[in-house]
Amino acid sequence: MLTVKHLRKSFGAVLAVNDVSFSIESGQILGLLGPNGAGKTTTVSMVAGLLTPDRGDVLVAGQRLAGDTDPSKRRIGLVPQDLALYDELSARDNLRFFGALYSLTGRALDTAIDRVLTLVGLADRARDTVKTFSGGMKRRLNLAAGLLHDPDILLLDEPTVGVDPQSRNAIFDNLEVLKAEGKALLYTTHYMEEVERLADRIVIVDHGTVVADDTLAGLQSRVATVGGGAATLETVFLTLTGRSLRD
Amino acid sequence: MALVPIIAMVRKDLQLFFSDRRAVIMSFLVPIAIASFFGSIFSGPSRNAEPARIAVAIVDQDGSAISRGIVAGAQTDKNLKVSMPTERDARDEVKRGKTMAAVIIPKGFGEAAGKAFFANGDKPPLGMLYDPSHAMELAMVRGVMTEHIMQAVSQEMFGGDQGRALIEQTLPQVQDSTMPDDQKRLLVEMLGSVQKFYNQSPARAAGSAANRGITMPYTVREEAMTAGSNIAYNGYAHSFAGMGIQFLLFAMANLGIEMLLERQKGLWKRVRSAPVSRLTLLAAKCLSGTLISLMTLWVSFAFAMIVFKVRIEGSVLGFVGISIGVATMAASFGLLVAALGNTPASARGVTTFAILIMVMLGGAWVPAFVFPAWMQQFTLIVPVRWAVDGIDAMTWRGIGLSGAVTPIAVLVGFTIAFMTIAATQFRWEEA
Numbered sequence: 001m002l003t004v005k006h007l008r009k010s011f012g013a014v015l016a017v018n019d020v021s022f023s024i025e026s027g028q029i030l031g032l033l034g035p036n037g038a039g040k041t042t043t044v045s046m047v048a049g050l051l052t053p054d055r056g057d058v059l060v061a062g063q064r065l066a067g068d069t070d071p072s073k074r075r076i077g078l079v080p081q082d083l084a085l086y087d088e089l090s091a092r093d094n095l096r097f098f099g100a101l102y103s104l105t106g107r108a109l110d111t112a113i114d115r116v117l118t119l120v121g122l123a124d125r126a127r128d129t130v131k132t133f134s135g136g137m138k139r140r141l142n143l144a145a146g147l148l149h150d151p152d153i154l155l156l157d158e159p160t161v162g163v164d165p166q167s168r169n170a171i172f173d174n175l176e177v178l179k180a181e182g183k184a185l186l187y188t189t190h191y192m193e194e195v196e197r198l199a200d201r202i203v204i205v206d207h208g209t210v211v212a213d214d215t216l217a218g219l220q221s222r223v224a225t226v227g228g229g230a231a232t233l234e235t236v237f238l239t240l241t242g243r244s245l246r247d
Numbered sequence: 248m249a250l251v252p253i254i255a256m257v258r259k260d261l262q263l264f265f266s267d268r269r270a271v272i273m274s275f276l277v278p279i280a281i282a283s284f285f286g287s288i289f290s291g292p293s294r295n296a297e298p299a300r301i302a303v304a305i306v307d308q309d310g311s312a313i314s315r316g317i318v319a320g321a322q323t324d325k326n327l328k329v330s331m332p333t334e335r336d337a338r339d340e341v342k343r344g345k346t347m348a349a350v351i352i353p354k355g356f357g358e359a360a361g362k363a364f365f366a367n368g369d370k371p372p373l374g375m376l377y378d379p380s381h382a383m384e385l386a387m388v389r390g391v392m393t394e395h396i397m398q399a400v401s402q403e404m405f406g407g408d409q410g411r412a413l414i415e416q417t418l419p420q421v422q423d424s425t426m427p428d429d430q431k432r433l434l435v436e437m438l439g440s441v442q443k444f445y446n447q448s449p450a451r452a453a454g455s456a457a458n459r460g461i462t463m464p465y466t467v468r469e470e471a472m473t474a475g476s477n478i479a480y481n482g483y484a485h486s487f488a489g490m491g492i493q494f495l496l497f498a499m500a501n502l503g504i505e506m507l508l509e510r511q512k513g514l515w516k517r518v519r520s521a522p523v524s525r526l527t528l529l530a531a532k533c534l535s536g537t538l539i540s541l542m543t544l545w546v547s548f549a550f551a552m553i554v555f556k557v558r559i560e561g562s563v564l565g566f567v568g569i570s571i572g573v574a575t576m577a578a579s580f581g582l583l584v585a586a587l588g589n590t591p592a593s594a595r596g597v598t599t600f601a602i603l604i605m606v607m608l609g610g611a612w613v614p615a616f617v618f619p620a621w622m623q624q625f626t627l628i629v630p631v632r633w634a635v636d637g638i639d640a641m642t643w644r645g646i647g648l649s650g651a652v653t654p655i656a657v658l659v660g661f662t663i664a665f666m667t668i669a670a671t672q673f674r675w676e677e678a
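Listed in order, the protein sequences are those of chains P and E.
Counted from 1, the first sequence has number 98 at position 98 by our numbering; the numbering is strictly sequential.
Take any residue in the second sequence, count from 1 to its spot, add 247: that is its number in our numbering.
Hints are computed from structural coordinates only; laboratory data are not their basis.
Don't take each hint at face value.
[Claimed, not checked] Coverage of chain P stretches by chain E, computed from C-beta distances (three or more under 8 Å per stretch; other residues unrestricted):
id, stretch
1, 47–60
2, 68–74
[To be verified] Simulated restraints, written as ranges between beta carbons of each label pair:
id, chain 1, residue 1, chain 2, residue 2, range
3, E, T653, P, S21, 37 to 43 Å
4, E, F265, P, G106, 38 to 44 Å
5, P, D200, E, F265, 45 to 51 Å
[To be verified] List time: in silico EDC-like cross-link candidates among lysine to aspartate or glutamate, alpha-carbon distance up to 16 Å:
id, chain 1, residue 1, chain 2, residue 2
6, P, K5, P, D54
7, E, K512, P, E88
8, E, K512, P, D87
9, P, K179, P, D152
10, P, K5, P, D19
11, E, K512, E, E676
12, E, K512, P, E158
13, E, K328, E, E340
14, P, K131, E, D267
15, P, K179, P, D206
16, P, K131, P, E88
17, E, K512, P, D82
18, E, K362, E, D307
Glycine included, every Cβ here is placed at the ideal spot set by N, Cα and C.
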């Protein structure tokens, strides 16, 4: 469903992403891991069409993504790391606005809003302003806003930052439902246990390049442990990216 | 351009605007309050024929017929509001700014002024105390007092006791003088004629007393050049134009700063990830800004029309055109703020300064006609100047649609320039 080919992006003299490639099939969750400043968000931004790659291509169902108004962007949903919501508006008004950006109107928009609010468990708070929501509720609404136009591909940039275990678990349940519906999910996070639970495949990037692209079991097999058992993902991650502090 | 996203963005911006109570107060109530204040200062009297009077104190230390005539003349002058304090009180009043000027007529002024009127005697000094913050009024007081002094002195010298005594005193001196005979004869004849005039019957003298002396050889027929002969200048029209424009610029700068905040909050990532063109985004922002600006301006003017009887004496179409022109210019200024601003905090400081400079030079606070000539020319580079002048033209000046064409064209030009800079400088890429 999503193919990323040889992406490269630099900001002045800083090479943020260099020759990054991976692909995600429908009904698959790909975990994108990397230390701070590794190039995860830059990669997600290029896939979402927020940044123009210096080189390389993003293919959506085989079609090259090009330009702001490329119809293929309708097949991508973005859940940014920030709580990208208008605090002064109600949950429904937020979703009404974001849905309209994808030209959803009238009954189709109302149906989409009801669907995503039900999915994230906020149907009874639809008329409340976002500023009255807890952090976890805002995170769930942030997810809902990315799902309004029923995208085939969902880009999730650290979607569980700062939420309590209950909300995090609820988000995981939502993602598993979406996976079951056949959507392709690109999931970036710093939390190893989230990737261990959710991801079918894991891509680890460091210094802008892909250092590993494998299943969890495949990654674990690369690192030998003292007792001979399976290494944790964190051990694998630190082995591949090193222990030096990052930005 | 996709219409649905544009409508959605405009509706969202309007919802956000009206949900922010502070923004609404700043945009609607504050300009009305400040414009009402400025309007009350600059509107002057209610009708054109009745100017504001200048407070002047006169201290008459002379008590002569001439000084009493000066005081009487000043008291009947429609330009002056005369009080008669002691010298000490007069000095205190001027120093405290309660009186703009004080005229001190020293002892012996009348006699000395009379002598100086016909001969080359020493001219007596007239004391003038003034408030240095009212230089313009001082010039006017000086002119008005000159008129009354000349009238009082000449009136006394051509018919008063002092003039009579001066002639009687002067005639023997002339006859005994050593001047040439022909000149002496002519001068004696003239003074003799004046003396005969003095000695005419009391009834005739009384009848002509009012006409004696030097008076202004003309009268002034004043006509305020406003929209019509029966229409008074309404200073509220100017103050509401100025303050309305100032605060719609503030509202639009705030819109630009909100865009920077949206970027900080990651909202632009979500917006930019949608299949919406850059032109659509800019057009939607410009449209919502224009609507908010128009509301700000028109609500202010509606208030002015209802409460202060401000009227569009010129072209209504021209007024609407200039309103839309200034609203789009302000909206594009907001986009410029969003494009050039680094952070909301830094942008707020810089734009506040820029707006205050623009409205000050644009004549929004005080009319541009009080500026020095060079500044009146220089400030034509400021868009606010065209907006204020254009609205003035359509309201109290009562100029037709032709008077709106140039301001509209200039405002559209500024809009295009601001939009072009904003579109090229806007950070479209979201890392």
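Here is how each hint holds up against the structure:
Three residues within the 8 Å Cβ limit are the bar, and the stretch 47–60 of chain P against chain E gives 5, so the coverage statement holds. Taking a C-beta to C-beta cut-off of 8 Å, the stretch 68–74 of chain P contributes 6 residues in contact with chain E, enough for the three needed, and the coverage statement holds. A C-beta distance of roughly 60 Å is found between T653(E) and S21(P), which places it outside the suggested range of 37 to 43 Å. The hint said 38 to 44 Å for the Cβ distance between F265(E) and G106(P), and at roughly 24 Å that hint is violated.
One distance hint, 45 to 51 Å for the beta-carbon pair D200(P) and F265(E), holds here, with the actual separation near 47 Å. Straight-line distance between C-alpha atoms of K5(P) and D54(P) comes to about 12 Å, which keeps the hinted pair within the 16 Å bound. Distance hint between K512(E) and E88(P) is fulfilled; the C-alpha atoms sit about 13 Å from each other, no more than 16 Å. For the hint linking K512(E) to D87(P), the alpha-carbon distance of about 11 Å falls within 16 Å, and the restraint holds.
Taking the CA atoms of K179(P) and D152(P), the gap is about 10 Å. The hint holds against a cut of 16 Å. Pair hint K5(P) plus D19(P) holds up; C-alpha atoms about 8 Å apart against a cutoff of 16 Å. Using a Cα cut-off of 16 Å, the hinted pair K512(E) and E676(E) holds, with the two alpha carbons roughly 15 Å apart. Among the hinted pairs, K512(E) with E158(P) is consistent with the structure: their alpha-carbon atoms are about 15 Å apart, no more than 16 Å.
Proposed proximity of K328(E) and E340(E) is supported: the alpha carbons are some 14 Å apart, at most 16 Å. Restraint check for K131(P) and D267(E): the C-alpha separation of about 13 Å stays at or below 16 Å, so the hint holds. This hinted pair does not check out: K179(P) and D206(P) have alpha carbons roughly 27 Å apart, beyond 16 Å. Distance check on the hinted pair: K131(P) and E88(P) sit about 6 Å apart at the alpha-carbon level, within 16 Å; holds.
About 6 Å separates the Cα atoms of K512(E) and D82(P), which keeps this hinted pair within 16 Å; it holds. Taking the CA atoms of K362(E) and D307(E), the gap is near 19 Å; set against the 16 Å cutoff, the hint is violated.
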